[in-house]
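**Student:** First to last, the sequence lines map onto chains V and W.
Okay, so the first sequence: first residue is 1 according to our numbering, each after it adds one.
Okay, so the second sequence: first residue is 260 according to our numbering, each after it adds one.
Note that these hints are calculated values from the structure, not bench results.
Be a bit skeptical, because a hint or two may be false.
Covered stretches of chain V (in silico footprint by chain W; criterion: 3 or more residues with CB under 8 Å from a CB of chain W, positions within the stretch not fixed) [claimed, not checked]: (1) 99-107; (2) 174-183.
Which residues of chain V face chain W? A few of them, derived with a C-beta cut under 7 Å, are [claimed, not checked]: (3) Thr202; (4) Ile209; (5) Val236.
Where is the CB? At the ideal position from N, CA and C, for every residue including glycine.
For reference, the chains in residue letters:
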Amino acid sequence: MSQPAEQGPAVDEALASPPSKLRKPLALISSLGAVAQSVIPALYAWGVTVAPVAWARGAGVAPRLASVAALAVMGAALLVEPKRPRLSRPLLVWGFTACSLLTWVLAPTGLSVAKLDATRGFLGAAGWLMFAFSAAAPPIRRASGPGENGRIVPGPKLVPRSRVARGDGIILAGAFVCALGLQAIGWGVAVPERALLLRATTLVAGIAILGAATDIATLRHQVRKPARPAVRMARVWPSGALLILLALAALAYALLRST
Amino acid sequence: MFDALAALFLIVGVAGFGLGAHALGRASDVEAIYWLVVGIVGVRAAVAVARPAGGT
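From just these sequences and the hints, can you work out the full model?
**Tutor:** Quick look at the structure:
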């Protein structure tokens with residue numbers, strides 16, 4: 001599946017490579033403080049779970065004020081961070097969470113099962129999880145030590161030991177698309193037992209397709225001793241014969257049914 | 260040529276699995292078993308063709 005790459009030239013090439021498009025936003029995020037980094041998922045969580053509840057029809061003024069207060073606390077924590085970093089994080093974590101909680105308490109119908117669909121619930125939970133993680137984790141900092149060249153991850157630059165050949169990528173991508181396509185079949189089945197059997201079958205079939213594609217991609221590069229065409233034909237013969245038999249059986253069945 | 264044959268068998272296998280799952284959804288169990296067997300045989304044949312002499 002992969003071709004070995006020479007370590008020395010690969011290292012030189014990686015070190016000499018121009019900065020990727022991904023580096024700019026990463027560099028921007030790493031230049032922010034801890035609270036500023038946490039504000040990004042907080043803003044997302046607010047947008048998905050707090051704002052829709054507060055600004056829903058008939059929610060009233062109090063939940064809207066509480067939701068705006070959550071945003072104001074976020075802004076205050078950002079402003080306070082450069083001068084008082086110890087205060088800014090508790091202000092964001094407790095202030096923002098309390099204001100969000102107050103919004104939900106003041107508009108309890110906004111989070112009822114009837115109004116909250118599963119997708120939004122899942123996205124909101126993911127947002128709060130990201131906020132909790134970023135608020136608890138130390139901020140990402142660029143290394144400023146000698147020889148570290150301002151990198152975010154400490155230590156020397158990581159270089160891949162091998163590269164994926166282009167043909168392998170196409171084979172695996174095709175298999176992945178096929179395995180994913182199988183999951184699109186049979187969502188309208190009404191009987192629960194059959195629906196479960198169908199899901200299990202498509203899952204196992206998808207795994208089998210991915211496994212076969214991985215084997216094919218890996219075996220393409222085994223050049224120790226290529227098999228002679230006759231040997232390969234001998235290997236294909238049992239499966240090929242079985243496929244032909246199956247095709248003949250289907251043909252015979254179709255003929256019998258038509259007469 | 261054998262790589263292309265392996266890809267062809269893999270396509271047969273994928274089609275077999277797809278038709279088998281579709282038949283299973285329509286509650287045509289015999290048809291589903293038939294197509295799933297086609298899928299398994301197709302996938303196995305694809306790997307067998309791709310394998311060089313040294314492979315196990």
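**Student:** Broken hints, numbered, in rising order?
**Tutor:** Violated hint (a single one): 1; every other hint is consistent with the structure.
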